[in-house]
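Chemist: Single-letter residue listing:
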Amino acid sequence: MNKSIRIALASGLAAAAVVGCASMEPKPSDAETSAKALQVMKASFKEHGQAKLDRLNQDETQALCSQYAGKELPRSVAEKIEKSNLATIKYPADGKYVGDWKSGEKIAQLGQGGQYSDDPKKPSGANCYACHELSKAEISYGTIGPSLWHFGKLRGYTDEMRRYAWGKVWNSEAFNACTNMPRFGHNGILTEQQVRDVVALLMDPASPVNQ
Amino acid sequence: MRQRIRAAVAVAGFACAVPLALAQGSATEEIEKYRQALQDGNPADLWEMRGEGLWRTPAGPKKATLEQCDLGKGPGVVKGAYAELPRYFADAGRVMDLETRLVWCRVTLQGLSEADAKKNPYGSSNRKSDNEALVAYVTSQSRGIPMNVRLDNPQMKEAFALGEKIFYFRGGPHDFACATCHGEDGKRIRLQDLPNLTAKAGAQKGYSTWPAYRVSQGELRTFQWRLNDCFRQQRFPELEFASPASIALTTFLAYNANGAPFDAPAIKR
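Protein chains in written order, with my numbering: chain W, 1 to 211; chain L, 1001 to 1269.
Simulated from the structure, these hints should not be mistaken for lab results. These numbers come from a predicted model, not from an experiment. Incorrect hints may appear among the rest.
As the list claims (entries may be wrong) - When the alpha-carbon atoms are kept at most 30 Å apart in a straight line, the in silico DSS-like pairs for lysine-lysine are as follows:
(1) L:K1128 <-> W:K52
(2) W:K71 <-> W:K96
(3) W:K136 <-> L:K1063
(4) L:K1119 <-> W:K46
(5) L:K1187 <-> L:K1119
(6) L:K1200 <-> W:K36
(7) W:K90 <-> W:K153
(8) W:K27 <-> L:K1119
(9) W:K42 <-> W:K121
(10) L:K1118 <-> W:K36
(11) W:K42 <-> L:K1119
(12) W:K121 <-> W:K46
(13) W:K153 <-> L:K1187
(14) W:K71 <-> L:K1187
(15) W:K27 <-> L:K1157
(16) W:K36 <-> L:K1119
(17) L:K1062 <-> W:K36
(18) W:K52 <-> L:K1073
(19) L:K1157 <-> W:K71
(20) L:K1118 <-> L:K1063
(21) W:K27 <-> L:K1128
(22) L:K1157 <-> W:K42
(23) W:K46 <-> L:K1128
(24) L:K1205 <-> L:K1079
(25) W:K71 <-> L:K1200
(26) W:K121 <-> W:K96
(27) W:K46 <-> L:K1118
(28) W:K52 <-> L:K1118
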């Protein structure tokens, strides 16, 4: 393990030295720089608990969103990302989108899950409040995402909206390519039942979100 | 004067922390510790003093001090050195940030093994870290000096380009990149303000105020610690201390902070 890191490091340095000497060479292309960055990262991390090195292997969505980060995302690429992510959404077989908002609220509050410092035996949360305002009772909320207060009340308690809320929580990339919102169902952060409970938080008329 | 600047920084930090206390009862205790720390001045002083002692005291198999360590401005020049790091070091044949260069000097001057010099980079109350103390001392000698990192050779240009790629690299179960949390102005997670590290003002503030004494941890934390802990929140594996990715990312962020008067060791919640 340590040895392989050292070897990778050494080859990284060798590559760096080559680039260094070749100061008359043309600038490396964007794709070459990306490939080199990945190689450097693979030599610079070690697995820790549940966070293994395979987390550095990007899927197509992650790779495309990294490639276009800070630039304008071409419409054709956005459509491709949304289409492929839409196809992954698993809607509930029994058509039951709405679970228990009380459990959903707990999931929306809980930040644990996925970090190497977290106990993988404990259930993961979604920490929706890290990025969204959801209810007026919780004033400790972040602003990376829009306010979701009155989400169901404003959008209507329709089957169509329940289905949209489910899909958005399952795979956010299906509706807005390169969003900053995680793909909770698709990436296995939440279970199907947890998604159902979070959808209840958004869509149950009795939920604090809709008061 | 120096004292007054510090007090101002600390008070600004305190003002930000107040709403936290309202929202999270457990934070009240932290605020109390903060108040205490303000009364006593910045405890980072203790790390600076210990670091200066380590710098000047013979140690390691070679029983040598670090006083001849070349931080880029010539052997023994500490004043202003941090404001120009990372930089390319011809003797090592690569770009190094301060923490990597300290490892280098402890190996070459004091005769430590690389593994020993890299041991315990982030300390705890019962296991003091020499790295944290040395970083506190060296950085304190750049206080007030504008950041001036130069991309004047191919190696630095490459480190910057790689650091930029790493900053925007999305991965892991949450699809996070540094840019997810630090790519826009005026955002926050829960109540913690997130500096926009892609804009000049945010990059300058975010970089020039590290290392910092963290009241909540009772420790002085270095810039590599900051990167390490953000990668943890990003759900990535563990960033290795003094690794090439760490150096590249630091080069990207330090260069973006150019022009800002360096203002650390600071004190943070």
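Chemist: Output the indices of the hints that this structure fails to meet, ascending.
Modeler: 2, 3, 5, 8, 17, 18 and 21
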